[in-house]
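If you're matching them up, the sequences are chains Y and X in order.
Sequential numbering of the first sequence, starting at 0, is according to numbering that gives the first Met the number 0.
Sequential numbering of the second sequence, starting at 0, is according to numbering that gives the first Met the number 0.
Be careful, since some hints might not be right.
[Unchecked claim] With a Cα cut of at most 25 Å, we get these calculated SDA-like pairs of lysine to any residue:
(1) X:Lys149 x Y:Asp48
(2) X:Lys414 x X:Ala477
(3) X:Lys149 x Y:Val185
(4) X:Lys672 x X:Gly271
(5) X:Lys254 x Y:Glu54
(6) X:Lys149 x Y:Glu54
(7) X:Lys254 x Y:Thr59
(8) X:Lys149 x Y:Leu187
(9) X:Lys149 x Y:Glu190
(10) X:Lys149 x Y:His60
(11) X:Lys254 x Y:Val185
(12) X:Lys149 x Y:Glu79
(13) X:Lys149 x Y:Cys208
(14) X:Lys149 x Y:Thr59
(15) X:Lys149 x Y:Gly102
(16) X:Lys172 x X:Tyr636
[Unchecked claim] Where chain X lies over chain Y, by a calculated footprint (3+ residues, C-beta under 8 Å):
(17) 67–74
(18) 190–204
[Unchecked claim] The calculated label-pair distances, taken between Cβ atoms and stated as ranges, are:
(19) Y:Ala170 x X:Lys149: 45 to 51 Å
(20) X:Arg260 x Y:Gly152: 25 to 31 Å
(21) X:Gly743 x Y:Leu187: 15 to 21 Å
(22) X:Gly743 x Y:Leu89: 40 to 46 Å
(23) Y:Gly152 x X:Gly743: 29 to 35 Å
Bear in mind the hints are in silico, worked out from the structure with no lab data behind them.
Note that this is a predicted model, so its numbers are computed, not measured.
Even for Gly, the Cβ is constructed at its ideal location relative to N, Cα and C.
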Amino acid sequence: MSERGGIYTWERQPMLDAGGYLPAVWLDGRIYDSWVEVEAGGISWRDEDGVVVLETHAGTHIVQVPYRGAAAPLVGNRKEFTTGLTADSLADYRHLEATRALGRPVYFCPGLWATDAFPASAGSSYTLTRPLAAGIVPGVSGVTHPVFVELDGVEDPSAADVAGQIVTANATGTLVVHYLAVFRVVILGFERSISDGNTLSIQLTLSECVEGNF
Amino acid sequence: MPVKVVTATSRTAGARMARGSGLALSEGTPREAYATGSVDGSTSAAARPRGVRQEAGIEVYVDGALVPLRHLIGGITVDRSIDQPLQRWSFGVLFATAVSLWGSPWARVGPSLGRRSIDLVGVYRTATGVHRFPLITDGVCDNMQCVSSKEGTLAVFNGVDRGGRRDRRAITKIIPAGAGLTRGRVVQLLLAEAGETAFRLEPGSTVYKEVQAVDTSAVRLAQEMLDAEGRRLLWNREGFAVNPRIGRREGRPLKVALEPRDLLYIGTVEVGHSGDVVTDVTLTGTEQVVRDAEAAQGRTSKVNEVEIQAIYAPAVASYRQNNTTGALTPQLGPGAAKLRPVSLVRNIVETSGGVVVTEIEEVYGYHWVEGPRYVYGAAGARYPLTAYLGEDGTEGGSEPAYVEMFERWRLISRKVTRHYYAQDGYFGPASQVGRTYEPWGSRLAGGTENSAPTGVVMPGTEGYKLGSVTDYFSWGMARRALKERDAGVSWEEIDPRDGVRVNGAGEGVVSEGEPGVSGDGESFRLSGREVEIIEAVPVTGYITSTTVYSLGFSLRPGTAYWYAGGDESAQEREVFQLKGWTTTAYTMPEESGHTSIATEWVFDGRPQVVGSRTERKDGAAPAVARIPQPGNSEGLYESEDVAARAMTARSTESRQIKVRLYCPDLEISHEKKEVKTSVPWAETPEELALLCALLVEQSAAAPVGFVTAANYTVAEADWVHLYFPPLALDHDLEIQSVQHGVEGLQGPRVTTFTANAYPEVVYGE
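Next up, chain Y with everything else stripped away, as it sits in the complex (with noise of 0.2 Å):
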């Protein structure tokens, strides 16, 4: 894996001076030692919602967002990935059709990090867009992979206590919560092809199916 230039290793945590590292890629509660592979295929995600730009009458434009509820991220940031492995085990490759197979939503934890940022008012209670990996993928805690909070543009630890999928504010201001999640995500696009022997090739799309009470 290339050491230089970029932010996003699997060996290195981007912007962070300590935490471990995912090893590999966990879906649908099994991990993925070929997604290691992952760069020959690669991974990209983009978000497919988030802010409103409404042009006005006088050129000038007014941003809108849809309200989601009190407890909601200030902006959606829905996930859709795109990604491709090369299919070196039959037992994971069997796994992968299983669960596109049964049309669920799965958790998917890539190890990339999601952002938040409410309009906290201390002791109220809001809800992250996904949980935090920690507790779900094995090997992850908030030990291992603490989440990064900032009041009004400052780190700040102790602005908001954050467990599974809840935050709960201490301080009033504007919280952004950086943390490592699992994405919920149902299989959309599944293609397969096989270019030369034993060279069965796999490119999916995730696309993230957002829960929470907000």
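Given the coordinates of chain Y, work out where chain X should sit on it, guided by the hints.
Just chain X now, with coordinates in the frame of chain Y:
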């Protein structure tokens, strides 16, 4: 006109919102705290975002419990307009969600929501928290559309606001003439009868007309009354019944000032300028005649006369008949015709305590008193009488004979109607109980057909009209039999009776004077009588039956006497007696109408039915007229000061009012457009004048349309200012309609407005 708010029953619905919301609302928090514009500066900025981010949406509550946003699928809309009496809303959920939360539509025989209370609330989230603005309060679902498509299986609920719970209620309510309530108070009473409890009505003008609602839609009647002031009956966003005047700002504040940077390109900005402007309005109506209660206690009499003049010469006898020889001696004959009064009709209305008790119609004109011309003697011999004849007189002829040389100006006919009511001072005469020929007995005196009056009025019928007696007076002579016989003898064998006088045509007549002496002949006497008896249900006043008895000169059948023309009778002369009656019976009010059965009887000594007619009619049975009772005003007045405004009035006593408004300056740019109509509920010429102006201004209004980011603070009938130079707009606008829409999660939250800009209109004299 200053705007005042009538404080009435209020609702604190905030408690309902707090329950189940799980959010930072305290129990019992009045909803108004969120509804009157900016709770803090952040909500003003959120409603009109300039340089700030707007987070907006709509929440739905069912019976006070928030429907989690995660259950809502598709669009949520709220559609409010001053042109629709009921405001509309819609939202969608998965069909399975609807069934699990509220039940199956099949089990409910209709929408799953049933009659549940529906609230829709506009929400902003700002730096200071969540702020809610009611958009629909206590709405009710009227439709559920279930759709299965590749997008899913959805249930879309549609409904109306709180007014929909009152809209179909029919009421019966009577507010007597002269009550003096404000129009807002009258509307409140009507809606209260339909079950409404939440009011914020402006008082409006004073109403003196009688309001009689019988099985009528309260909402429709209230709107008809408010039309006279240019007002609308609406339920506002908080669920209160309101009655804003449309078209005049009257000091109401501007809710918001908008500029081009507030208007979205999603929608166009449009202004319409109509050429179809009313330039000439004439409105008519009636004004209730009222009298001060104290001044109206005594008896009054009002006389109205109408005289007709024509070229006319009073008749003068041309001949005088000799009572011995029958020879005719020429007389003066008629003189020259000239213009003179030929008819005078005098109407007299007498009231007692403001109630009409007597109506008299007298007709004056020229009348020549007729008299007998011949008299029968012994053995059927006929002898002439002294009499005057007209130009057509011949010796021994059959022309009419007169008792005087010329006709005179005199009272020709008189009709007197007396009305009787179940109240001291207004009862009628008591007839002798048991008199066969006055079958109504003592009904007009408050008794029955078979008993004397007790002096006690049946509870619930105080002031009811018992009936009336109409007497007809005219000139005439009763008929008299020419022949008399015992049984078994034929009329041909019998001569006319000795001493019977006959007129020129040979008809036997009853004549008061002595034979041959002038002065006998016709008399001005009671010639007919109609007695009306009314039966009505206590309290409600529905009439169950009316009977009109007819009396006059008539003959009972028999064989003892013979009259000219061949009539036979048991009576020697016509007698003033009962001839028959017509009874009209009404069923009790039905759902959609009533039935009347009219039965006609004749009485010739015994009653016989001669005809019957059944009719089915819309609406309730007619209501009896009644004298307003002190007890009737119970519940009408909110205070004694208000009750003191009551006047004495008779519902049928009114005068015509008419106002015309002409705008010559408008006709410089517009073709003349004239409107003439009546306004039944207008009370005064001043009201008609204001309504004329409103009609002109409404027709001249320029409709404006525009779209903004979600604005939950402005509602229909609010006023805003819009500055939009490209269309030369820099005007105060009256909002006509507001549509809030949320289309899925990622669709924009916008509000679509239509409004009216009212140009200044210059009125002519």
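Each hint tested on the structure:
no.	hint	in the structure
1	X:Lys149 x Y:Asp48	holds (22 Å)
2	X:Lys414 x X:Ala477	holds (19 Å)
3	X:Lys149 x Y:Val185	holds (18 Å)
4	X:Lys672 x X:Gly271	holds (19 Å)
5	X:Lys254 x Y:Glu54	holds (23 Å)
6	X:Lys149 x Y:Glu54	violated (32 Å)
7	X:Lys254 x Y:Thr59	holds (23 Å)
8	X:Lys149 x Y:Leu187	holds (16 Å)
9	X:Lys149 x Y:Glu190	holds (23 Å)
10	X:Lys149 x Y:His60	violated (35 Å)
11	X:Lys254 x Y:Val185	violated (47 Å)
12	X:Lys149 x Y:Glu79	holds (22 Å)
13	X:Lys149 x Y:Cys208	holds (18 Å)
14	X:Lys149 x Y:Thr59	violated (38 Å)
15	X:Lys149 x Y:Gly102	holds (17 Å)
16	X:Lys172 x X:Tyr636	holds (15 Å)
17	67–74	holds (count 4)
18	190–204	violated (count 0)
19	Y:Ala170 x X:Lys149: 45 to 51 Å	holds (47 Å)
20	X:Arg260 x Y:Gly152: 25 to 31 Å	holds (28 Å)
21	X:Gly743 x Y:Leu187: 15 to 21 Å	holds (19 Å)
22	X:Gly743 x Y:Leu89: 40 to 46 Å	holds (42 Å)
23	Y:Gly152 x X:Gly743: 29 to 35 Å	holds (33 Å)
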